[in-house]
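Participant: The primary structure of each chain is shown beneath.
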Amino acid sequence: MATSVETRTRIKRFTPIQQLFHLLLIVTFLIQGSTGLARMFIETSWGKTVAWVFGGYETCRAIHIYVGILMLCGFALHGIYLLFKINWKNFPESLFSSDSLLPRPKDAKDFLQHIGWFFGISQAPQFDRWGYWEKFDYWAVFWGIPVLGLTGLILAYPLSATQVMPGWFLNLAFWIHRIEALLAMCHVFIIHFFIGHLRRHNFPMDRAMFEGSADLEATRHERPAWLARLEQTGELDQQLVPETGVARRAVYYVVGYLALVCGVFLLVGGLLNSPNITW
Amino acid sequence: MRLGNSIGHLLYGLSGLLIAQFLLGPVVAHAQEEVASAFRRYKDREVSTGFYEQYEVLPRKTRPIIAVPGVGPGVFAYSPSAAQVRTRTRLADSHQNIKFYNVLRCEYCHIEQTKDIHTVRARLTCRQCHGSEPIAGIEHYYSPMNPVRRHAYVCAKCHEGSSASFASYIVHPPNPTQVSTLKTFPVLFYVFWFMVVLAGGTFLVFLPHTALWGIREFLMTKKKKKKDGNKRGDENSN
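Here the protein sequences line up with chains W and R, keeping their order. Counting from 1, one number per residue, gives the positions in the first sequence under this note's numbering. Counting from 1, one number per residue, gives the positions in the second sequence under this note's numbering.
It should be emphasised that the hints constitute simulated quantities derived from the structure, not laboratory data.
Here are some chain R residues pointing at chain W (derived, C-beta under 10 Å):
#, residue
1, Ser-165
2, Ile-170
3, Phe-185
4, Val-191
5, Val-196
6, Gly-200
7, Ile-215
Positions of the beta carbon are idealized from the N, C-alpha and C atoms, including for glycine.
Build out the structure end to end from the sequences listed, making use of the hints.
Facilitator: Laid out in structure tokens, this is it:
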């Protein structure tokens, strides 16, 4: 066993379908961010440059609408995927198990203990499979996509929308869409990227979402409760996988860093140019 | 026989021309009218003569007791002419009696109205919606801007098929950050600040959290990290 385990240094974390969902989200999110910011910043040369990449002010709108609809379709697909993914055999309990992404009281405890650990007051929390920050990122999409999708559809099809609501709802939809989009972008480009790339545990990049697996030792250090649970039930051995080849890893890094560069470009450009636009 | 042949040829030729007209000719628009020019037609409607057609619909709501803006509703106007002068939104010439009007520009007084999407992004000029002189008040009985016909006379120039509901979009929304919006467009104020508090609250928690996390991990020495891991490993094995 010892020899077989040694090559399998990583633990399975995401399935190919989950990785595909994440990749689709990366691409669509960056397109939406770029085309949206291009239109918002069209008064500045930076905004004009970003708009030029996508074919100009009007084309940006068309792309933004179609990709937005694509995101809504992806969201619906993910909902259907969840129906298949839920463990229906022990249904209500399975939702609150340690493998579930649903928040539970332990997450709040972990959060507070984690902050205590930042200040050296308490021990590092024993994270299970999903940390509270990961659950937050996951469920944030469930808030963001409906809010952005609904307000986006209202703004994209105002003539149809105002058949069921007064026209001044468009004024509200505009600000909800804008602030929610800025919140989503700032969260992903600052917090999500920092956690995934810059903190020491993951530097230079957490490959888990691209490779589907995480380094076993690093995971043992960060998520001891998960590993303990797997060892106790004897499931750990079937979760272990070897590391992928150098070429594939290179692709993961290139994709990851491309997304990072795009995001930081939008973040910095947007922040620098924010005083120069009519809000 | 010969005549019949040539009539047949003629009919074939004509039907061929007709098919060619349908295939190649310009499409007949539903609203194609016989007017001298589109410009002329719009101008007819934009100039606030005060009278259009006998079958014009009446405004949706008529308030017999005119209120003075900013003062609050009153049963009687200050003087027989005061309400007429002050509620310019109801005048046929909303700028009547303004001194040196002919040397003023719209934005000298209406600077706030130049900071919206229609002006900044779509680059519309004031007159493209408000029409040429004399500019009727938006609530004037016969104004194209009157809510009963605004959608058809103003919005539909660009937004084809716009409805009265659509036309209730506030083209010049007040600045949602300002307290005065609480009076002019309270829902916008509340929605804006709800979203800001939501976004701000998220960052108020997660920015310091993430920064502290980064610092804490950065300050860990490698030895300590290893020791930490071993310690945890021990705990697990126990």
